[in-house]
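> Protein chains in written order, with this note's numbering: chain A, 69 to 502; chain B, 69 to 502; chain C, 69 to 502.
Hints are not guaranteed to be accurate.
Which copy? The list can't say, so a pair holds if one copy fits it or any two copies do.
What the hints assert, rightly or not - Quick list of in silico lysine to any residue cross-link-like pairs, SDA-like style, CA-CA up to 20 Å:
1) K417 x I383
2) K489 x E304
3) K417 x L155
4) K257 x P390
5) K489 x T363
6) K465 x H386
7) K419 x H483
8) K417 x G216
9) K387 x A228
10) K417 x T456
11) K419 x L480
12) K463 x H296
13) K463 x L224
Hint data in this document are derived by calculation from the structure and do not stem from the laboratory.
Keep in mind that this is a model prediction, so the values were computed, not measured.
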Amino acid sequence: QINFTLEVYGRSMDTLLLILCACLIMTMQAGFALLEVGSVKVANTYAILLNNVLDVCVGTLGYFLFGYAVSYGPTTSGFMGTDYWALRHLPNDDALTWVFFQYSFAATATAIVSGAMVGRTSYHAYMIYSFIITGFVYPTVVHWIWSGNGWLNSDLYGLAFQDFGGSGVVHTTGGTAALMGALVLGRRKLTKEVAEHAVPESSPALVTLGFFILMVGFFAFNGSSEAHISRPGDPEAVARAVINTALACASGGVATLLFERVVHKKINDFYVLCIVANGCLAGTVSICAAVNVATTYSTLFIGSSGAIIHCLWSISLHKFTPIEDPVDATAVHLAPGIWGVLLCPFVDKNKGIFYCGYAGQSAAWRQLGVHVGGLVCIIGYTAVTTFTIFTIFDKLKLLRSHQEKFEHAEALRIHEEELAKQSHHGFFHDVFHH
Amino acid sequence: QINFTLEVYGRSMDTLLLILCACLIMTMQAGFALLEVGSVKVANTYAILLNNVLDVCVGTLGYFLFGYAVSYGPTTSGFMGTDYWALRHLPNDDALTWVFFQYSFAATATAIVSGAMVGRTSYHAYMIYSFIITGFVYPTVVHWIWSGNGWLNSDLYGLAFQDFGGSGVVHTTGGTAALMGALVLGRRKLTKEVAEHAVPESSPALVTLGFFILMVGFFAFNGSSEAHISRPGDPEAVARAVINTALACASGGVATLLFERVVHKKINDFYVLCIVANGCLAGTVSICAAVNVATTYSTLFIGSSGAIIHCLWSISLHKFTPIEDPVDATAVHLAPGIWGVLLCPFVDKNKGIFYCGYAGQSAAWRQLGVHVGGLVCIIGYTAVTTFTIFTIFDKLKLLRSHQEKFEHAEALRIHEEELAKQSHHGFFHDVFHH
Amino acid sequence: QINFTLEVYGRSMDTLLLILCACLIMTMQAGFALLEVGSVKVANTYAILLNNVLDVCVGTLGYFLFGYAVSYGPTTSGFMGTDYWALRHLPNDDALTWVFFQYSFAATATAIVSGAMVGRTSYHAYMIYSFIITGFVYPTVVHWIWSGNGWLNSDLYGLAFQDFGGSGVVHTTGGTAALMGALVLGRRKLTKEVAEHAVPESSPALVTLGFFILMVGFFAFNGSSEAHISRPGDPEAVARAVINTALACASGGVATLLFERVVHKKINDFYVLCIVANGCLAGTVSICAAVNVATTYSTLFIGSSGAIIHCLWSISLHKFTPIEDPVDATAVHLAPGIWGVLLCPFVDKNKGIFYCGYAGQSAAWRQLGVHVGGLVCIIGYTAVTTFTIFTIFDKLKLLRSHQEKFEHAEALRIHEEELAKQSHHGFFHDVFHH
């Protein structure tokens with residue numbers, strides 16, 4: 069009798085943790101939406117926000133109909149799940165807690181993608197790719213690493229890719245898909261009326277509100293990644309996860325400010341507000357993988373270095389490539405996500421390269437190998453699938469919104485003129501100087 | 069000793085669920101306020117928001133002084149409670165958890181009313197009717213159905229009105245009161261400066277933020293309707309409730325979009341954003357009653373049909389009646405609320421008409437009868453009491469705000485001119501063609 | 069075995085309470101930021117919001133590196149802690165839950181200060197004083213009263229300063245620091261372009277949203293002040309705390325409205341919205357100290373009287389002093405905070421002056437003496453340290469932002485002219501009338 073009660077209580081507590089944290093994680097949808105409309109010059113705020121709402125709707129359907137089955141269904145050689153379609157055949161209703169919790173993670177991963185393509189896609193394309201990413205692409209990666217039966221983290225092949233809070237699973241996957249989207253969309257030249265459209269008064273407040281919502285959401289995200297709180301060691305693990313999240317967030321923000329002041333020397337106030345907020349988030353993203361095993365000092369290092377990498381990525385993407393990433397979705401999620409996965413085998417306070425002593429070095433370096441290999445697979449798989457989807461949409465003329473079609477054509481025309489002018493100069497240069 | 073500890077732990081867990089969910093439910097006040105100011109053209113945003121703040125203040129006092137006593141006090145023949153005024157005579161402080169939790173529900177029901185009358189009522193009227201609805205009208209319905217001793221759901225008369233999350237208790241009651249308010253206020257003709265007052269830049273962001281806050285609030289709302297989490301079966305029930313909430317919300321949004329695109333063919337972006345967000349909420353409202361017993365497929369059906377009913381109601385109200393409901397409060401809460409209560413006896417996966425087999429049909433149809441009868445009583449009681457209150461206020465010239473008095477008089481004048489013109493045309497028509 | 073499981077479960081539940089409430093408390097950062105930008109006329113919203121973000125970053129580092137050690141480290145004669153610097157030497161990871169929870173309180177206390185100096189300080193000054201207040205000033209007061217070993221509340225000197233939710237520890241400390249900041253900054257004359265800068269459209273919505281976030285944050289704040297929920301009596305204490313918070317908030321709002329309508333007769337809608345929201349918060353602040361021991365009626369009295377004191381303070385500060393407090397940070401936190409600490413020994417339903425009967429009077433009045441003495445120490449200590457810091461910064465020309473330097477100089481010039489004119493008038497007055 070007592071043992072039965074204890075068993076029920078254990079499940080009750082785990083359910084409390086997972087459901088309440090999932091609620092807080094779902095508020096991150098509002099955070100992403102606010103960051104997007106608050107920090108981007110756009111012609112049509114309505115369309116962007118409608119996309120955010122539809123994103124959740126379609127993503128929910130995608131996850132419940134297919135996504136959960138792909139990620140947590142009985143495995144086929146560790147590659148993807150094959151049952152529980154439309155939540156059927158679940159062993160019991162208790163599994164629904166896990167479904168809801170994982171659903172909040174999937175929604176977050178998909179929301180990352182929307183940032184990089186904000187205001188440029190058509191409704192139809194947006195809804196279809198939301199459905200595919202939430203229903204297939206992201207869940208596959210989850211199955212590999214978090215299902216307990218995936219090829220990257222199970223006894224199946226003896227591999228143990230370590231990613232507590234999702235630097236790899238959530239942020240690298242979402243960030244890669246975002247990069248592919250931005251890549252396929254390519255150059256853009258804002259039409260005159262959009263370019264002159266002043267940043268609205270309320271924007272900075274929305275950005276800040278969005279940031280704070282995401283910050284709190286990340287506490288819930290990383291804290292609940294322990295997945296249960298009723299077993300010995302759980303409360304401690306949850307506590308360390310939230311503390312490290314706060315530290316990484318803080319050190320990311322301070323590092324970004326110092327970088328901007330000392331190295332980059334940008335003085336536009338709005339730019340600094342946005343990049344510091346993004347720096348905080350980048351710090352948080354980079355600690356996700358090791359958030360349960362990093363010491364305080366490691367966390368400060370990972371958070372601040374992740375934020376600096378975010379700054380460098382953001383500046384480089386803008387300067388050296390034709391890729392437009394208006395809300396720095398790839399800078400915040402992809403680059404620090406990769407960084408976090410790579411550092412994890414070094415800073416693990418139990419068996420990391422810096423801590424394990426001489427005896428553990430071989431295992432620790434092997435772990436690093438698994439992480440590098442895993443990253444290549446995650447990025448490769450996500451890049452190929454999403455690039456294919458976006459390209460097909462683009463060829464079918466479904467991808468771009470009406471407005472975007474003009475802006476993209478205009479940008480291509482200007483780019484060709486510039487190329488032509490350069491070769492012209494080149495011609496005279498050749499004639500007169502050689 | 070161990071049993072004592074277990075008993076304390078059980079109460080601790082229930083308290084955690086109820087208090088934390090009540091906190092999330094209270095954030096819905098912000099969601100309602102944002103939806104209102106974000107989606108309505110108004111002369112005075114300040115007044116609307118002040119009303120929202122006062123709503124909470126006065127509603128709190130109303131609920132704690134009278135409301136809790138009316139809903140959960142010792143019953144008088146199942147009609148209303150008669151003790152615990154001002155929270156006195158409560159058996160112990162543990163009951164306060166339940167008070168706080170129920171208070172968050174009452175605040176939600178009252179907030180629904182404010183939407184339909186947004187920007188048109190005076191302070192004084194607003195505060196008094198908030199007090200009465202939170203203190204008497206809504207608690208009476210709660211007593212009938214949720215107190216355990218009410219005439220509609222207890223052994224008293226052998227009836228068992230089934231309403232897990234409040235499609236009937238919260239949304240039909242709130243929606244009916246809202247409809248009565250809008251009915252008494254009647255026609256409106258915005259004065260020129262208000263009509264020309266552009267929708268502010270930030271509105272769509274506020275609407276979207278409000279929507280996401282309400283969505284998360286509904287997870288907490290329906291999840292915590294189980295009322296405890298420490299008993300066997302609780303974690304599963306909570307999990308099913310939140311999953312079904314997410315599915316109903318998503319299917320509602322998608323159904324609304326399809327309806328708008330295929331049938332209604334509205335193209336105004338702001339309109340589509342607002343109605344899709346409202347469609348999501350309508351889907352959620354219609355699942356409330358059966359949220360713990362509906363299967364995945366039933367939920368998708370209830371959510372999408374509830375959302376379509378919301379669309380039809382919204383369009384009909386606007387086209388065929390002189391009732392103004394600027395934020396579609398009745399379309400979102402009343403119509404889908406009724407729909408949810410009616411469908412519940414069909415979709416209950418344990419004993420519903422579609423699932424119970426031949427043997428259970430008689431009981432299931434009887435259940436439907438109880439639901440129809442219960443709805444008539446809820447709507448009748450709420451309509452009579454609130455209509456009376458609003459009419460008395462209107463006769464005493466207390467109901468309308470200063471600005472509203474002009475707009476209403478102007479609308480009546482125009483309406484009478486039109487009637488006169490029609491009869492004039494009718495006159496010539498008669499003379500020359502017959 | 070069973071006892072071990074029970075012990076783990078107890079910690080699990082406490083962790084759930086503390087971590088989830090800390091998350092809700094951290095959302096208060098967004099609430100403070102929105103109240104600030106929503107209710108202040110400023111030249112540079114970006115700078116204010118960036119300060120709010122940096123506040124959290126620097127405050128986090130300050131608290132984790134020094135603050136926790138100062139507040140909860142092994143004591144030196146009850147004055148301050150001396151170990152756990154940078155969270156080292158903590159007995160176990162379970163302590164991290166407490167660290168995170170206390171960190172959310174420290175962040176709140178520091179955010180209070182920012183309100184009084186909003187838009188007037190330089191980045192560098194802001195970051196340094198955030199660090200010092202979160203790292204040293206506030207934690208010292210916490211050590212005195214909440215550490216269990218402090219001189220004001222332990223067996224050390226037999227004193228027991230009673231402050232459940234922080235009227236004294238959080239709000240009086242934060243409010244005093246805010247007052248010192250405003251005092252050192254002194255007069256301000258907005259430059260013409262700032263003064264004419266219209267209140268943005270979205271402001272009232274942001275203020276209201278900020279208010280609701282803070283309201284819900286306070287539920288979590290006071291509810292979780294019990295610090296655990298797994299022991300007998302905990303659930304009841306948490307429930308009473310949140311109920312009393314709601315009642316104090318509501319009565320504060322209603323009292324403020326009545327005061328404004330009947331006594332002050334201000335009619336500006338925006339002003340009324342802001343002061344009613346602030347009145348609600350003031351009511352909540354004044355109940356904090358006694359929130360677990362006050363009866364329903366006491367709470368209504370404390371909440372409403374605290375709100376009226378807030379109104380009087382706000383009006384007096386504006387009328388009779390040159391101190392600028394644009395968001396009424398001192399009126400909301402300092403005055404009601406002091407009021408709450410002073411009333412606590414009267415209204416304690418177990419041993420307060422009004423309840424303890426003849427036998428307990430001597431102990432109850434002694435308790436009042438401790439509260440008065442404690443307040444003097446808190447205010448004195450905070451005032452001296454923060455005044456010193458701000459004055460040093462000001463002398464080093466580090467305190468004020470670029471814009472502020474002009475505005476302050478202009479205000480001083482005008483003030484001196486007025487003084488000169490007065491003495492001039494005084495001269496003629498003297499000559500011709502005496």
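> If a hint holds in the structure, say so; if it does not, say that too.
Evaluated hints:
1. For the identical chains of this complex, K417 and I383 are neighbours neither inside a copy (33 Å) nor across copies (56 Å), given an alpha-carbon limit of 20 Å.
2. Taking the shortest alpha-carbon separations for K489 and E304, neither the intra-copy value of 64 Å nor the inter-copy value of 68 Å comes in at or below 20 Å.
3. In this homomeric assembly, K417 and L155 come within 20 Å of each other (Cα to Cα) only across copies, at 15 Å, whereas the closest approach inside a single copy is 39 Å.
4. In this assembly of identical chains, K257 and P390 lie within 20 Å of each other by CA distance solely inside one copy; the values are 11 Å within and 48 Å between copies.
5. Taking the closest pair of Cα atoms, K489 and T363 never come within 20 Å of each other, the shortest separation being 55 Å inside a single copy and 65 Å across copies.
6. For the homomeric pair K465 and H386, neither the shortest alpha-carbon distance inside one copy (26 Å) nor that between copies (37 Å) is at most 20 Å.
7. For a Cα distance limit of 20 Å, the shortest separation of K419 from H483 qualifies neither inside one copy, at 52 Å, nor across copies, at 67 Å.
8. For a Cα distance limit of 20 Å, the shortest separation of K417 from G216 qualifies neither inside one copy, at 23 Å, nor across copies, at 32 Å.
9. With identical chains, the CA atoms of K387 and A228 are never at most 20 Å apart, being 38 Å at best within one copy and 63 Å at best between copies.
10. Taking the shortest alpha-carbon separations for K417 and T456, neither the intra-copy value of 40 Å nor the inter-copy value of 42 Å comes in at or below 20 Å.
11. For the identical chains of this complex, K419 and L480 are neighbours neither inside a copy (52 Å) nor across copies (63 Å), given an alpha-carbon limit of 20 Å.
12. With identical chains, the CA atoms of K463 and H296 are never at most 20 Å apart, being 46 Å at best within one copy and 54 Å at best between copies.
13. For the identical chains of this complex, K463 and L224 are neighbours neither inside a copy (40 Å) nor across copies (68 Å), given an alpha-carbon limit of 20 Å.
Hint compliance for this structure: hints 1, 2, 5, 6, 7, 8, 9, 10, 11, 12, 13 are broken, all remaining hints hold.
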